[in-house]
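A.B. asks: Based on the sequences and whatever the hints tell you, model everything.
Chains as they are written, first to last, in our numbering: chain F, 1 to 103; chain P, 104 to 381; chain E, 382 to 484; chain W, 485 to 650.
Take the hints with a grain of salt, since some may be wrong.
Unchecked claim - To give an idea of the interface, some chain F residues facing chain P are shown, with a C-beta separation under 7 Å as derived from the structure:
no., residue
1, Thr-17
2, Leu-21
3, Lys-23
4, Asp-27
5, Ile-39
6, Lys-67
Claimed, not checked - Only some residues are given here: those of chain F computed to face chain P with a beta carbon under 10 Å:
no., residue
7, Leu-6
8, Glu-19
9, Phe-30
Source of the hints: derived by calculation from the structure; they are not laboratory data. C-beta atoms are modelled at their ideal positions from N, C-alpha and C, and glycine is treated no differently.
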Amino acid sequence: MANQILVHAMTSGDTTTVEALVKHPMDSGFVKDAAGKIIPAHYIEVIEFTHMGKIVLTGYWGPAVSKNPFIKFSFQGGKSGDPIGVSWVDNKGETATTSANIM
Amino acid sequence: MRLAFIALALTVSAPLAQAASQPDPAADMKAFQGYFLKQFPKLPLAAYVNGPYNFSKSESDQWKQIMEFPPYQFAVDDGKKLFETKFPDGKTYASCFPNGGIGIAQNYPMFDAKTGKVVTLGIAINRCRVANGQKKLKLTVGPLADISAYMTSTSDGKPINVVIPHNPKALAAYEAGKEYFYTRRGQLNFSCASCHVQAAGMHLRGDVLSPALGLTAAFPLYRSSWGDMGTLVRRFIGCNQKVKSEPSKPDSTAYRDLAYFMTYMDNGLPESGPGARP
Amino acid sequence: MKRLGAAVLLSVMICPVVALAGSATKASADHAIASAQTKMKIAASNQDQWIATVDAFKAAKAAEQKGDFAIAEAEAKHAATLADLSIAQAKAQKKLWQNEIVH
Amino acid sequence: MEQINGLTRGSPKRRDFLVAAAAGTAAALVLPRFASAAAAAPNASTYPAKAFIQKTEAATLQAMFGTSTVTASPDVKMDAPDIAENGAVVPISFDANAKNVTGAAILAIDNPFVMACAYKIPAGTNPAISSRVKLAKTTQVISVVEVGGKLMSTSKQVKVTLGGCG
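C.D. replies: Quick look at the structure:
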């Protein structure tokens, strides 16, 4: 299956809480496969969250972020129906983007 | 009147006629569940589906955080897509299962009178593939685990309902599973029960040993130590290896019967797979 | 806990004792391998093949291929000993398992 | 043996989540050569790569924030387990009781590289983030936040016992 990003954004009062689960191996480069060969490092470097096109969080990740990373944060503002954008780029230059509306 | 009398006499004499070794799954299940309820009086029956998390606050706190966005979610989504993808003959998995495969995972493993064998959900998925001209999938990991995860998710909360029909072969399969469960094997001389009954709730190195009761309810499972999904058979293989015993084949009769016995012991507990564990 | 203790004791008792046979030939090594194989079939039919047995047997076969008949014979004998132990374990468990049943 | 009273099945949020998840499944994999089409793809050149290859706290902070002076502060709260159930997935969250926080980082001192993750926090975003990190072994975990060019932190020892059975 293609690289996926699951996003869950909810608003309560002034605060919008965003949770995201990103499908990515986040290989650290320190782990060997069954054949004893090092699995090369492969991890997301930059992940960006936007609300109505404005950046609300930039994450810089390294190989020590867990496989299929999870992140949860919140920001002020945001209404039900507003689009939340998520995009990432990894150390191999692959990228993925998605968007979801605030519930 | 006379007939009724004979019938009565038969029911009365039946237990006497049956030797003590005659399998009695219902009585076994009552004793099995009763053992754990007595051992851990604070835990209600339904809580057993949470396995090791009943025994460590720190672990259950971490688990609750992880369950905010469960790591098996991708598997459920992928599984749903695979489940709904048509075979070349135009049919889907839904055509092979009662109720189109939705909300039925709690009834597996099932005894198949035609073949005289136990059929787990994974084996049923593979049978469906073969019936539609497709190759079998691995029973341990990958797409089959994803499809199982999706199908199981549609049974969320339904009481586990494994049936052992009055069929000598079904009873024999159950009994074989029971024997496998309690038999010590491997160089370390452990049975399934050594860890998951007698030492349930205790620590083995850093981990809490899950009680056998409720253990099957959370499968398929995302284990952090695997880093992906696995089926109950994958766990059987892992457990055998841990006691230094050569694992059986994933579709072996031994593993089918073991799953039959263990899941039957969980009858009445809410289906809670897919699950997440350390 | 007593049972666990017993298990540890058992595993200590059967630590590999590989003594090199003095005058091994291809014939004697092959004979030892065949004998181990027979016992391992019985162990497997009892659903109780030990991983160590298989490892020793593989080592015997590999040594035989390389022409190290002394090692092949010693490893095969070791595999046979382990297979014997697992067969004895399985036999005893045919009755003993009933003691572990929850009542 | 610890026995928790009345742990109910699943987490309370799980059910809501399963319904909600369907909304966000349409993500596309875009290969580099098509990157121009994905207007929202982040700029990889902003990645502070140097900060991620340091082996000491001071060098990491210097590379990330341009200063290694850091003050322990009760205004930074961190939630991390005492004992990680699996070192591969350790939930860590921090919450800073401070205004104008512009950046944050999570450091694991005994990992091969100290930096686990860092964040740029614009105005309007709360300085509270939860994520999951890998810990190679028992280590001090430090949450650092940047306020007006100064660093405040809090730390906690997390035990890592790798086990396979359970």
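A.B. asks: Output the numbers, in ascending order, of every earlier hint that fails for this structure.
C.D. replies: 1, 4, 5 and 9
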